[in-house]
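**Student:** Going line by line, the protein sequences match chains W and V.
With the working numbering as the guide, the letters of the first sequence map in order to residues 6 to 486.
With the working numbering as the guide, the letters of the second sequence map in order to residues 13 to 388.
Hint data in this document are derived by calculation from the structure and do not stem from the laboratory.
None of the values given here were measured: they were computed from a predicted structure.
Glycine included, each C-beta is placed from N, C-alpha and C at the ideal position.
Hints may contain errors.
[Said to hold, decoys possible] Here are the computed distance ranges between Cβ atoms for each label pair:
hint, chain 1, residue 1, chain 2, residue 2, range
1, V, D370, W, S227, 37 to 43 Å
2, V, D356, W, S227, 27 to 33 Å
3, W, E170, V, E311, 37 to 43 Å
4, V, A276, W, V363, 34 to 40 Å
5, V, P118, W, T169, 34 to 40 Å
6, W, S119, V, H247, 56 to 62 Å
7, V, R105, W, T169, 33 to 39 Å
8, W, E202, V, R192, 44 to 50 Å
9, V, D113, W, R397, 30 to 36 Å
Chain residues, written in single-letter form:
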Amino acid sequence: MTPATGGGAHDDTDESGGASRGGQAPAGEARAAGARKASPGSKRPPGSAASPRARNQSGPKSAQGAKSPKGAGLSKDGARSGAAAAAQVPTIRARVRPQPGGVPRLDVDGMLASERIIVCCGSGGVGKTTTAAALALRAAEQGRSVVVLTIDPARRLAQSMGLTELDNTPREVLGVDLSAGGRLDAMMLDMKRTFDEIVLAHTTSERADQLLANPFYQSLSSSFAGTQEYMAMEKLGQLDAADDWDLIIVDTPPTRSALDFLDAPSRLGAFLDGRLLRLLLMPAKAGGRAYVKMLGVGFGMFTKVLTKVIGAQLLTDVSQFVSAMETMFGGFRQRAEKTYRLLGAPGTSFVVVAAPEVAALREASYFVDRLETDGMPLAGLVVNRMHHSDGRSLTAERSLAAAENLTEHGEHPLAAAVLRVHADRLRLAEREARLRERFTSAHPDTPLIEVEALAEDVHDLAGLREIGDALAGDERLARVG
Amino acid sequence: MPELAAHAGRGVIRIVRRGGGAEANSGAGAGTVVAVTASERDRKGEKPAGPWRRRLHVVTGKGGTGKTTVASALALALATGGQRVLLTEVEGRQQIAQVFDTPPLPYRERKVASAPGGGEVYALAVDAEEALLEYLEMFYNLRSAGKVLGKMGAIDFATTIAPGVRDVLLTGKIKEAVNRPDGTRPSGLAYDAVVLDAPPTGRITRFLNVAREVVGLAKMGPIRSQADGVLAVLHSGQTAVHLVTLLEEMPVQETIDAVAELRAADLPVGGVVVNMVRPPLLGAKELRAARAGTLDGEELAAGIKEAGLEPTADLVAELAREAAQHAERVALEAAQRVEVAALDQPMYELPLASDGMDMGMLYRFAEMLRAQRMVG
Ligand SMILES: Nc1ncnc2c1ncn2[C@@H]1O[C@H](COP(=O)(O)OP(=O)(O)OP(=O)(O)O)[C@@H](O)[C@H]1O
Ligand SMILES: Nc1ncnc2c1ncn2[C@@H]1O[C@H](COP(=O)(O)OP(=O)(O)O)[C@@H](O)[C@H]1O
Ligand SMILES: [Mg+2]
Ligand SMILES: [Mg+2]
Numbered sequence: 006m007t008p009a010t011g012g013g014a015h016d017d018t019d020e021s022g023g024a025s026r027g028g029q030a031p032a033g034e035a036r037a038a039g040a041r042k043a044s045p046g047s048k049r050p051p052g053s054a055a056s057p058r059a060r061n062q063s064g065p066k067s068a069q070g071a072k073s074p075k076g077a078g079l080s081k082d083g084a085r086s087g088a089a090a091a092a093q094v095p096t097i098r099a100r101v102r103p104q105p106g107g108v109p110r111l112d113v114d115g116m117l118a119s120e121r122i123i124v125c126c127g128s129g130g131v132g133k134t135t136t137a138a139a140l141a142l143r144a145a146e147q148g149r150s151v152v153v154l155t156i157d158p159a160r161r162l163a164q165s166m167g168l169t170e171l172d173n174t175p176r177e178v179l180g181v182d183l184s185a186g187g188r189l190d191a192m193m194l195d196m197k198r199t200f201d202e203i204v205l206a207h208t209t210s211e212r213a214d215q216l217l218a219n220p221f222y223q224s225l226s227s228s229f230a231g232t233q234e235y236m237a238m239e240k241l242g243q244l245d246a247a248d249d250w251d252l253i254i255v256d257t258p259p260t261r262s263a264l265d266f267l268d269a270p271s272r273l274g275a276f277l278d279g280r281l282l283r284l285l286l287m288p289a290k291a292g293g294r295a296y297v298k299m300l301g302v303g304f305g306m307f308t309k310v311l312t313k314v315i316g317a318q319l320l321t322d323v324s325q326f327v328s329a330m331e332t333m334f335g336g337f338r339q340r341a342e343k344t345y346r347l348l349g350a351p352g353t354s355f356v357v358v359a360a361p362e363v364a365a366l367r368e369a370s371y372f373v374d375r376l377e378t379d380g381m382p383l384a385g386l387v388v389n390r391m392h393h394s395d396g397r398s399l400t401a402e403r404s405l406a407a408a409e410n411l412t413e414h415g416e417h418p419l420a421a422a423v424l425r426v427h428a429d430r431l432r433l434a435e436r437e438a439r440l441r442e443r444f445t446s447a448h449p450d451t452p453l454i455e456v457e458a459l460a461e462d463v464h465d466l467a468g469l470r471e472i473g474d475a476l477a478g479d480e481r482l483a484r485v486g
Numbered sequence: 013m014p015e016l017a018a019h020a021g022r023g024v025i026r027i028v029r030r031g032g033g034a035e036a037n038s039g040a041g042a043g044t045v046v047a048v049t050a051s052e053r054d055r056k057g058e059k060p061a062g063p064w065r066r067r068l069h070v071v072t073g074k075g076g077t078g079k080t081t082v083a084s085a086l087a088l089a090l091a092t093g094g095q096r097v098l099l100t101e102v103e104g105r106q107q108i109a110q111v112f113d114t115p116p117l118p119y120r121e122r123k124v125a126s127a128p129g130g131g132e133v134y135a136l137a138v139d140a141e142e143a144l145l146e147y148l149e150m151f152y153n154l155r156s157a158g159k160v161l162g163k164m165g166a167i168d169f170a171t172t173i174a175p176g177v178r179d180v181l182l183t184g185k186i187k188e189a190v191n192r193p194d195g196t197r198p199s200g201l202a203y204d205a206v207v208l209d210a211p212p213t214g215r216i217t218r219f220l221n222v223a224r225e226v227v228g229l230a231k232m233g234p235i236r237s238q239a240d241g242v243l244a245v246l247h248s249g250q251t252a253v254h255l256v257t258l259l260e261e262m263p264v265q266e267t268i269d270a271v272a273e274l275r276a277a278d279l280p281v282g283g284v285v286v287n288m289v290r291p292p293l294l295g296a297k298e299l300r301a302a303r304a305g306t307l308d309g310e311e312l313a314a315g316i317k318e319a320g321l322e323p324t325a326d327l328v329a330e331l332a333r334e335a336a337q338h339a340e341r342v343a344l345e346a347a348q349r350v351e352v353a354a355l356d357q358p359m360y361e362l363p364l365a366s367d368g369m370d371m372g373m374l375y376r377f378a379e380m381l382r383a384q385r386m387v388g
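Using the sequences plus the hints, can you model the full thing?
**Tutor:** See below:
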């Protein structure tokens with residue numbers, strides 16, 4: 006069931022971002038990075054002012070009109086004392102969550118320091134892309150040379166990373182703290198282009214042109230369920246072969262099921278290598294006839310029905326396509342298998358991302374099992390967008406009762422409302438914790454880290470740093486007590 | 013029954029307690045009826061659009077926003093008062109069966125629920141392969157050959173290599189249900205309305221437009237006539253494509269993109285259903301203060317004390333922090349609502365069922381959609 010917070014929406018196969026809407030250039034980026042450096046060590050004690058990032062950059066989206074800058078109340082009211090003063094300082098930033106008891110912690114910094122390939126997977130909408138980008142930024146700022154391959158990033162996040170063009174080439178991300186000697190490149194996957202590139206790289210330009218113009222090729226390269234996954238793997242193979250980076254972080258396509266990422270390449274490979282395609286290629290040959298005969302229907306009937314259903318033109322396109330592909334390279338399946346082996350090699354880690362929702366955690370569970378079965382190296386689980394309350398000493402029930410009590414007497418409406426907010430949040434936090442526990446009891450040895458939900462979407466480097474800090478359980482942010 | 017995340021009085025959602033049947037839209041359900049008003053619309057003084065009187069209601073949205081839930085509630089709403097409605101899905105995921113808590117649907121229309129006033133909701137999980145067999149049988153008397161093709165994976169093959177073929181079969185089946193005659197019913201039609209739990213926003217335009225592509229390719233033959241029939245249903249005022257969204261950035265963005273694409277393809281955009289709405293728990297003034305970090309901590313502490321709790325500095329600070337986060341979220345949602353309103357399509361809202369969905373809640377959602385005059 007859905008938690009009482011958003012973040013439930015997940016993506017689906019074939020979803021692609023549409024046209025860009027309005028310029029929302031991340032004007033605050035350079036500033037944010039500078040500000041971060043300026044406060045050495047970024048000591049941000051609990052309850053201190055909000056992080057230095059330019060919050061709510063006003064684009065078309067910030068329609069709330071004028072508002073005082075965050076933390077404005079701080080200096081003004083800082084003089085006040087006790088409870089009142091503390092109340093002036095809301096912190097919206099994600100804080101490091103206490104590690105749940107008995108659960109091994111995912112060692113993010115260790116992983117970032119040692120691995121060569123990190124694959125972020127999970128069902129759609131849980132924060133895979135965000136996590137991939139946050140990990141990449143963190144590794145780069147810790148001194149590694151990193152490339153992150155993102156797939157369908159949220160538009161504003163893409164813009165803040167300079168990913169304005171789908172040109173399929175990694176580009177340096179600006180605004181990254183390079184003082185540790187690292188570097189960050191990022192790219193967005195363009196599956197059609199990746200497919201085209203394979204074709205172009207493997208044949209004469211004349212044949213390539215023919216193939217690229219083939220309607221069946223066009224439909225396959227832009228819409229076959231699985232092409233995106235296959236091309237993500239293909240691109241990973243290319244980045245790996247280029248050997249330009251210490252660390253490659255790959256995001257995975259917004260599939261419905263997390264497992265699709267592992268299965269789709271072999272599905273596409275099997276499809277293209279498949280018997281049926283071969284059969285279609287040699288309708289005149291006896292082999293084909295015999296095969297069809299075996300199934301107890303005349304060959305004429307077979308082609309007749311197929312032609313009726315798909316149409317003669319399409320059949321011709323298909324056989325043209327297959328023969329062109331065949332001469333070009335030795336089997337899709339082989340290629341897919343090669344990249345698959347890369348995923349199982351030492352130096353690769355999988356990070357499974359989930360939201361604290363039934364469906365997302367179920368998927369995560371399947372994925373963890375599957376990685377184990379396939380001997381793939383699982384680093385651990387990120388439970389993203391969790392809610393937390395430090396005021397657990399005041400239970401939801403007592404908080405609600407107190408609110409009712411105040412309301413009944415018509416007193417202190419502010420306190421009553423705030424107590425309701427608290428009760429709401431506690432219930433949500435409890436629900437999420439229960440769901441997370443359910444996962445842990447099935448997978449007690451899987452390391453995990455919980456990441457707090459930010460109050461707003463993550464769409465700039467400062468936001469990514471916060472997520473990175475939270476992912477690493479960064480001590481600088483750890484709360485006292 | 014799960015409690016509604018709705019609060020009387022102020023803000024986005026208003027719970028109306030009804031004694032008699034005085035109000036308009038009197039549905040059959042007695043007791044608590046929840047009316048939801050889009051506050052933006054009220055403020056702008058726009059009148060909500062009248063009910064959508066269409067034969068086919070297509071429901072799309074970003075994944076996970078509640079397409080299946082809304083489509084199901086809409087089917088119940090349409091059936092209320094004695095209509096017969098068919099609810100369909102096309103992605104082979106058996107989601108309708110889950111919502112109505114029935115065993116997986118076969119490729120056969122089956123009654124899954126009754127609606128107040130003698131209404132009936134039937135459901136069908138349309139399957140491309142079955143639709144193809146049906147089609148082969150209908151036109152060529154080729155069912156057995158079709159079966160063989162199925163065994164060979166040829167149908168899988170055909171529907172995979174040419175997603176268009178698959179989608180023509182699926183939309184063709186929907187069209188068939190929309191147009192199916194039934195002389196025994198007063199309307200002369202088997203169904204008074206058909207609701208489609210459709211593919212997500214990223215694919216909806218292509219899915220609905222496939223018939224047009226086919227018309228471009230096939231000049232004649234049964235596929236062509238199938239496609240023509242689909243186009244007729246989609247483009248002759250018989251259809252509305254509704255979108256479901258949450259008040260979050262990515263779903264709203266996808267909704268905006270999808271509306272633009274649908275409009276460009278000349279497909280009839282219907283209403284936008286904002287799902288999982290949570291009302292603000294603080295008043296406007298407090299929300300502003302909470303966001304600005306200027307909530308009156310002393311007053312808060314005094315209130316906590318008055319309620320018999322101990323207002324430690326830590327607790328007060330934490331409560332203020334939570335209030336600030338709440339305020340931040342409310343502000344973000346308000347901004348998203350403005351974006352949705354700018355689409356200038358009628359908006360409807362369904363609250364977050366904080367304890368999850370069940371059949372009782374689904375009926376209440378149906379009632380809410382009627383109360384907002386989405387249908388009825
Ligand atoms: N208003 C609501 N309040 C609470 N829970 C809801 C609400 N609407 C939907 N849900 C829940 O959210 C989840 C997703 O809803 P649903 O399955 O309808 O979405 P969908 O858009 O059809 O998803 P998919 O893209 O996977 O088909 C379900 O668990 C559903 O019960
Ligand atoms: N911890 C978080 N707090 C707040 N918002 C988040 C968080 N993680 C992700 N998001 C937001 O959730 C949405 C979906 O995230 P995204 O990374 O694109 O998911 P995925 O790649 O899994 O589909 C984005 O708008 C993103 O900004
Ligand atoms: Mg993504
Ligand atoms: Mg659904």
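**Student:** Next, verify each hint and record whether it holds.
**Tutor:** Results for each hint:
{"no.": "1", "hint": "V:D370 / W:S227: 37 to 43 Å", "result": "40 Å, holds"}
{"no.": "2", "hint": "V:D356 / W:S227: 27 to 33 Å", "result": "31 Å, holds"}
{"no.": "3", "hint": "W:E170 / V:E311: 37 to 43 Å", "result": "52 Å, violated"}
{"no.": "4", "hint": "V:A276 / W:V363: 34 to 40 Å", "result": "37 Å, holds"}
{"no.": "5", "hint": "V:P118 / W:T169: 34 to 40 Å", "result": "49 Å, violated"}
{"no.": "6", "hint": "W:S119 / V:H247: 56 to 62 Å", "result": "59 Å, holds"}
{"no.": "7", "hint": "V:R105 / W:T169: 33 to 39 Å", "result": "35 Å, holds"}
{"no.": "8", "hint": "W:E202 / V:R192: 44 to 50 Å", "result": "49 Å, holds"}
{"no.": "9", "hint": "V:D113 / W:R397: 30 to 36 Å", "result": "35 Å, holds"}
When held up to the earlier numbered hints, the structure conflicts with 3, 5 and fits the remainder.
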